[in-house]
Amino acid sequence: MTATREEALVELMRTHQRHIWRYLRALGCDDALADDLTQEVFVKVYDKAFDDISFVSSAVYLRTAARNALFNLRKRQGREQALGDDYEAAWTLLTPQEDSDERLAYLRDCLGELPGRGRAAIDLYYREGLDQAAVAERTGSSEEAVKALLKRARQELRDCIERKSRRQP
Amino acid sequence: MSERPINEAEDKLVDADLRELLGASQAPDLIDRTLRRINEPRADLQSPARIEPAAATGRRAETAPRRWPRVRYAVEALVLLIALGLTVWVAVAPRPPAENRPDGVRELPASIAAAPQAEFERKNDALEVKRGWFLVTDGAPPVVAAGVEIKEVRGVVLLRVGALPHEGELEAIAEWLKQNSWETNMVKTFKRWMQVGSMALVVLAGSALVNNERVEAEKEAPVEAPAPYVVSSVADIERLPKDTTAVIGAGLTDAHLELLGKVTSLRSIVLRQCGRVSDDGLRLLAANPEITSLDVRDCPRLTRNGLQTVSEFSKLTEFKGRASVLLSLPSNWIKPINFFGALGRLSAVLDPRGKDAPWTDEDLRDLVEMLPNITELGMGGSYDAGVLDIKIGDMGLKALGGLAHLEALDFTPTSEMSDAGFAYLKACRKLRTLKLNMTPQPIHYLGSAMVEQVAGIQSLEHLEFKVGTGGNVDPSSLKNSRNLKVLRMWLGVCEVAQIAALGALSKLEELELNSPNILGDVPDSEILVPQWSGMKELKRLRFMIGGQKSCALLPIMPSLEDLRIHPHNFNAATAEGLARQPKLRVLRLGDNHSSWSLGTRISDVVEYLGKLANLEILELAGQNFTWRKLDLTPLKGLKKLKEIRTWRAFLEFFKDIKEVLPDCKVVDLSK
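Residue numbers (my numbering), protein chains in the order written: chain A, 1 to 169; chain B, 170 to 840.
Derived from the structure by calculation, the hints contain no laboratory data. Each hint can be trusted.
Derived DSBU-like pairs: lysine-lysine, alpha-carbon spacing no greater than 35 Å straight-line: (1) B:K834 to B:K811; (2) B:K484 to A:K151; (3) B:K567 to A:K164.
Okay, chain A solo, but in the shape it has when bound (with noise of 0.2 Å):
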């Protein structure tokens, strides 16, 4: 491996490898496997001796890879299931501008707009790790109660996220 061949891929990690890593945690993966994939994207387009034309296209020809890496995987893991297109149109609603961070901090920002009971119970799944029905436990309501309020209050985030995403030139 040439020096600058290996200097070009590691200014390109720098710069994509958390976005590509995030899309695959989007895709469902679990962290081990999204490190592993991210991974195996990135010796790939060292293999390939990838052009770092733009952002936005190597953003959008990494996630490609990623998604094409994680369905050969479970292809060959016997789980071929097609990755609807909505995980990408998913993607490309909240992150209009290719930038994950710029996602996150929206994400910071909608979580502190978030109203009482959803954000109570965001803060007790997410921030301290209880399961449902711990956290059904902790605010007296029942299990099922608990997982429609986290997924009303995921969908109010995605809306603040939507947003202000918008509002962005």
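Fit chain B to the supplied structure of chain A, relying on the hints for placement.
For chain B alone, kept in the frame of chain A given last:
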């Protein structure tokens, strides 16, 4: 909160973000691990015994020690002790005979994978295979068995010790093949299985030396796209065969598209003269979700609303549309189009906006930003009352450098462009086809300098240079464009040496040089261009040189099949020379149908043509050809001639030729 319920994909995305923002999940820095993977021997080929547990390199392996440090140290110590013990045992223990050892998978180099139960033995630098299946790849040591040696593998070879396998045996190794990224069905389609000595083998990709003979992989048969049916009426559509996959629609309306939407076998649709097709038509066509290729560049009424229907063609891999409409799509629609653009092909044409709103450099920058995966761009450029309707200059060409996937580009050079602008096109690393259209006004300041920059685009395979520079153009700098297969140029005045330099283009299959006025009083011998003998792949040559120069001394070009020269250059010596071309079967005399005036020399032409016994097609297409009172007897020597193409020949000619060559077809190109 909006009324739109959150779908599964959006829910997972927000969920993943929340886990990262509030929980323990964090986007890691994977640079070091990736570099290690690159620098380590690849485990692309995995025999079952060599598959590493995922946890060994994964995130879980890194987090575990934090919780159980003591256990980790104990385990490490234990592993170390076992390793030491094994090392001592390996060093001192008597080794069993090789054939009794287990399959020894660990002894395999990374470039060879063995199926379970395979047996082999390392012998010096080679690997002797004794039983079972193996996949051999680049860098593998020689693989030997009784009566066969395989070495210098540059690709992938699948082999088994024994007879040629039957289908059931291939099925039995399906799982192992899958682990090595090969599907059984793919392997089954290979027909070039070989039985060599005690081994059956197939070169799946690349090549290998088998008993010192280079064996190439079976070339993938080019998938010939079926010729499209042209439809322009209901009757045409109703007559389509049931398995029709491709159509060209000419002058269709929305109602026709509704009918085509019901032709479930259709995969490819090109719409031409589709001024009556509206957004509704495209929606009706979307009733067939199987369509993979759609060309709506000719449809001016389609708007962004209609184009959003494109997402309903879920299997679309090729889309050709008008740039103005593509650019008007909102970003969340553009992105999915880009997405399939990365997988397939996306083409756009800058549709005419008229001279009041020409396409500008800024428009091109927007286009590159929004459609970065575009593979084909037609910038065209037409003239409206003498004014070019594109105003693109050097900065526009610079913007095109951002199209990493661009493979084909055509445009009319403008007066705002310079050779420096063309230099920017070198950034399009995948550009294979470049067509520069004819300008009505000569662009004097372009020419050789522009050609020199174009020659620097190393990926080019097809270059058309129809620019009317009106001055001298030196094509010799193109000698460095070693990947060119097709070169078509309109030259001004040039020297023989400049043309001769093109002989360095060894991959050239088609060369067209028009109207070069050879400088000075050049004798025939100087038009020899012996350097052209280097163009061993050249099949088609159009060599229209001015003046009455003989082409007699063209060098032997082993692949030349089709030659067009000016009739002024055809004489006895030329005919002698052409008779030496081993594969020449098509000869075209004439530049264009309206200007050629061969006049009284026609009898000479006929006389000399008789020497070209291998000709199958002869084109004599001069408007002022004097056809009458010809002695066609010399043509009797053209035993293989199947077709004569003429241009407004007199009836007598048709009659006379039938007498001389009764089986020859005569075609009048003017009809």
